[in-house]
Each structure stands twice: as C-alpha cells, then as structure tokens.
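Peer 1: Chains as they are written, first to last, in the numbering used here: chain B, 1 to 115; chain D, 1 to 113.
Just so you know, these hints were derived from the structure itself, not from any lab.
Because the structure is a prediction, the values reported are computed rather than measured.
Incorrect hints may appear among the rest.
[Claimed, not checked] Straight-line alpha carbon distances no greater than 27 angstroms define the calculated DSSO-like cross-link-like pairs of lysine-lysine that follow:
1. Lys15/B / Lys42/D
2. Lys42/D / Lys17/B
3. Lys11/B / Lys42/D
4. Lys15/B / Lys57/B
5. Lys42/D / Lys57/B
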Amino acid sequence: GAGVSQSPSNKVTEKGKDVELRCDPISGHTALYWYRQSLGQGLEFLIYFQGNSAPDKSGLPSDRFSAERTGGSVSTLTIQRTQQEDSAVYLCASSLESSGKITQYFGPGTRLTVL
Amino acid sequence: GESVGLHLPTLSVQEGDNSIINCAYSNSASDYFIWYKQESGKGPQFIIDIRSNMDKRQGQRVTVLLNKTVKHLSLQIAATQPGDSAVYFCAETNGGATNKLIFGTGTLLAVQP
Chain B
1 GAGVSQSPSN
11 KVTEKGKDVE
21 LRCDPISGHT
31 ALYWYRQSLG
41 QGLEFLIYFQ
51 GNSAPDKSGL
61 PSDRFSAERT
71 GGSVSTLTIQ
81 RTQQEDSAVY
91 LCASSLESSG
101 KITQYFGPGT
111 RLTVL
Chain D
1 GESVGLHLPT
11 LSVQEGDNSI
21 INCAYSNSAS
31 DYFIWYKQES
41 GKGPQFIIDI
51 RSNMDKRQGQ
61 RVTVLLNKTV
71 KHLSLQIAAT
81 QPGDSAVYFC
91 AETNGGATNK
101 LIFGTGTLLA
111 VQP
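Work the whole structure out from these sequences, hints included.
Peer 2: Structure representation (structure tokens):
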C-alpha cells in the first residue's frame, strides 16, 4: 500500500527565502510528526499533530518555523527567512494511534539546502 | 535532559555473522522502544519495537532485548547480509502526552563480504 510521501525530494533555496515542505501521511493515520535530521545526526522532533487536538509545537527551533495540517491529512511545514543552519533533511512520519498502535512510519524526507 | 545514546558509532561485521547493536536510554518512564534502519538517502524504516512490559521480542532475523534495570536496549541481527548495511537508530517515547520519539545518533553497520 502507499506509504508516507513527501515533496519536494530536494529543495535548494537562497538565504532569506521562505520554503514550504509537504507531507502526505498514510491514509487513515490520525497522527503526523515532523522531524529534522542534520548531516550525520539523529532525528530531532519538531511538531506533532493528532486529530483535532492542538498540535505539540514544542520542538520547533524558532518562530520562523510553522506547520499546518489541513483536513486531518496533508501537512505543510513552512520555514520563513531561511538560514544556512536550516539545511537538513526534513522527515515526516505518521501513525495510526488507535488501539495502542503507535508505530511511526516515515516518508523519504525532503533535503533542504540553504545557500 | 532525556537522551538516548549508542555505545558504538560504527560496527563492522563479516557477512553471515551475527550483529549486536547497543543503545542506552535515560528516561525510566519511557514505555515504548523502537529500532529503525536508515539507508543512504532514504527515510528511517521500521524494524522492530518493544514495550516496557516485555524484555524480548523476535522478528524475522532480528531480536530486540530490553533491560529496564540498566536502561539498555539491543538489536540482534542474525546471519548479517550485505543488505543490512545501514545506519541503525534506537528511539524511545518520552512517556508524555504525545508519542514523539527521542532518537539516538545512530550506529553505522558495515557488512563485509
């Protein structure tokens, strides 16, 4: 079946520009997560959406980062006024989160390069 | 703060041997642990998970062991194959209201033919 998809797969932008990254979770999954992975590092939690509940934004590194999830499905991560330190792979994951099924399944990621 | 760390950043094994990747965690309240495999240029791929009420769980060629006394997690891969070469991450939930995962920095498994 279809997994988590993300677009674009690669994004190169200039410092100061805004970027939008998209995530399509697995159909029926109510929970959606964004993580960031810097080169050679583990994954860093950014934000979590679950149904109609208020999102957990505790991992967002600055107010330049924001995310939305429309209709409980597709999510967009926006980075405003990008900086070079924002360069990383941005990964999206979704999980069913019912009946104790909390396994997160990841998409292929978007590699962001800020010049 | 809470963290999940790995003892060995790189593990080199011969094809056919068994591999053991270790992980330490610091949050005794964590109740769910998971291992992911990440190949170059791809997202993490689920391998196996375990809840804190268990100490062992087996999958196909993989076994996860959990020792809550010393807060230690390990992944055993039997008969390691070249296709197992990747970075392996352990992760834990933080036991909070969300199920966000806290990841270690990863172990690179290199399988020599």
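Peer 1: Now tell me, hint by hint, if it's right for this structure.
Peer 2: Tested hints:
With a C-alpha separation of about 25 angstroms, the suggested pairing of Lys15/B with Lys42/D holds against the 27 angstroms cut-off. Straight-line distance between C-alpha atoms of Lys42/D and Lys17/B comes to about 26 angstroms, which keeps the hinted pair within the 27 angstroms bound. With a C-alpha separation of about 15 angstroms, the suggested pairing of Lys11/B with Lys42/D holds against the 27 angstroms cut-off. Using a Cα cut-off of 27 angstroms, the hinted pair Lys15/B and Lys57/B holds, with the two alpha carbons roughly 24 angstroms apart.
For a cut-off of 27 angstroms, the pair hint linking Lys42/D to Lys57/B stands: about 25 angstroms separates their Cα positions.
Going through the hint list in order, the structure satisfies each hint without exception.
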